[in-house]
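One letter stands for each residue in the lines below.
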Amino acid sequence: MTALLSVQGLTAGYGGMPIIEGVDLDVEENAVAVIIGPNGAGKSTLLKSIFALTKIAGGTIAMAGRDITGLATAALVPIGISAVPQNRNVFPNLTVAENLDIGTYAAPPRDRARTEANILALFPDLRAKLGQPAGELSGGQRQMVAIGRALMSEPRLLLLDEPTAGLSPAYLEKIFDLILDVRKTGVTILMVEQNARQALRIADRAHVLVNGRNFISGSGAELLANDNVRRSFLGGGEAA
Amino acid sequence: MIEFINYYLIPALTLGSIYALGAVGISMIFGILRFAHFAHGDLMTVGAYGVLTAVWFVPVHPLLLIPVGAALAIAAALAVDRFFYRPLRQLATIYTVISSFGVALIFRSLAQLLWSSDNQVLVKGVTPPLVLFGTFRIAALHAEAIALTLVIAVALHLFLTRSKTGRSMRAVSDEPELAAVAGIDTEKVIRWTWVIAAALAAIAGVFAGMDTTVHPNLGWNLQLAMFAAAILGGIGKPMGAIAGGFIIGLAEELSTYNWVGDNPLISPSYKTAVGFLIMVALLIFRPQGLFRGRLL
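Respectively, the protein sequence lines represent chains A and B. Under the working numbering, think of the first position of the first sequence as 1, with each following residue one higher. Under the working numbering, think of the first position of the second sequence as 1, with each following residue one higher.
By construction, these hints were calculated from the structure, which means they are not laboratory data. In this text, all values refer to a predicted model and were calculated from it rather than measured experimentally. Glycine is no exception: its CB is placed at the ideal position from the N, C-alpha and C atoms. Only true hints are included.
Keeping only pairs whose Cα atoms sit at most 27 Å apart, straight-line, the calculated DSS-like set for lysine-lysine is: (1) B:K164 / B:K188; (2) A:K55 / B:K188; (3) B:K164 / A:K129.
One-sided excerpt, in silico: chain A residues whose CB lies under 10 Å from chain B: (4) T73; (5) V77; (6) V84; (7) V90; (8) G103; (9) T104; (10) G135.
Put together the whole structure using the sequences plus the hints.
The structure is reproduced here in structure tokens:
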């Protein structure tokens, strides 16, 4: 397998002190990769840096072998990267259908009707809500709209920033299942997660970030079995 | 009753149309660029002078020459955005607000320099009013202004809900950062906002100029009422601003009707204060605007 996304020696922040320093990260094609770590470790900053929403001070980001460091956010959607931010991830005054439509503007899908049908098959809950403003939906439904919007451009790589933040436990499981369903359609997924234990269970590859630097990487199962990781980031307890 | 419709209601709806077309631009600029554009009234003035100049060369009905005035206002707005507002885009919006005051002064001074500070007329002579059913006497301009504004409101609604550009504008207005993440070209959306806002301001300016005269303070004098209309409609909601424009126009004109006894309720010379009063009351009691929920 080859790396679809390759981040090397990335140093970035929001002006002033860098928040992540010299971070390396490879995401294999069609994998679910997870970034975990304590609060303030720079997980979201790493994701935002890949999406050109921070100031990059050093290092490179490559997508399918092409250097994309320094490309503007809007230029990333057409080359196959879609992102779902953690907060404010839907357009609240636009209807669900309009939210999905926005996803096609920067990179029109080959067959729009089929893409939309596939997405509604993944998220059948949204079918009855198409005409409703996205701001009126529940948190879990909004997350579905947000992921659906990101998938409308038929990305190769989907970046998710804490997709389960603030969701009820029932919805949390549902979103993780949905992420695996999305992967089955051939999309590579890189996500930041606060619910580390559940995230590691579905992860092909996981990276622990501490203080803005790589701490440890491995398969999800390896990290779940790793005593050090369990003690420090999974709240102790038995290996899952 | 007939007198009320002929001399109060129709002129009120005309004034409302002018406010509506100006307010919708203010509201859209606020929604997308996040600043109060205090040179908006002066864009109306620029549009009116564009048509005035065109009338000198091509003596046809001024409304037919609106494209010339709109083109001039659009060019002025895009130039001002490029050289004054865009360099300030990353700073706090108060810099852009102050800058727009400066731009307003530039527009007004240029108008005095190029076209003098005299009152100038767009249509010479007296146009007889339209007489409907032998009772309603309506100035042709008033009928045209009200009808055109309603057509524009419908067209704008369709544009914002159906077209890709319109939906992109609403998306940027809703969540600018998410719009960028979704790959929407924000600068293109901003350019479209100026094109639409300036064109509508020019049309409002021509209506105002035809209703009275064209002079350098034409738009500036109407601006506070337009802001009141935009706030009334819930700033950032274009359809709310149009409704707000009509409400302010009606409130100002109808406050001079002799509702009680034979004298006007409020002396006509104070009628513009009605708009301010509404704005002050709204800012204190209902700063989110009059309308609940979604109004685009």
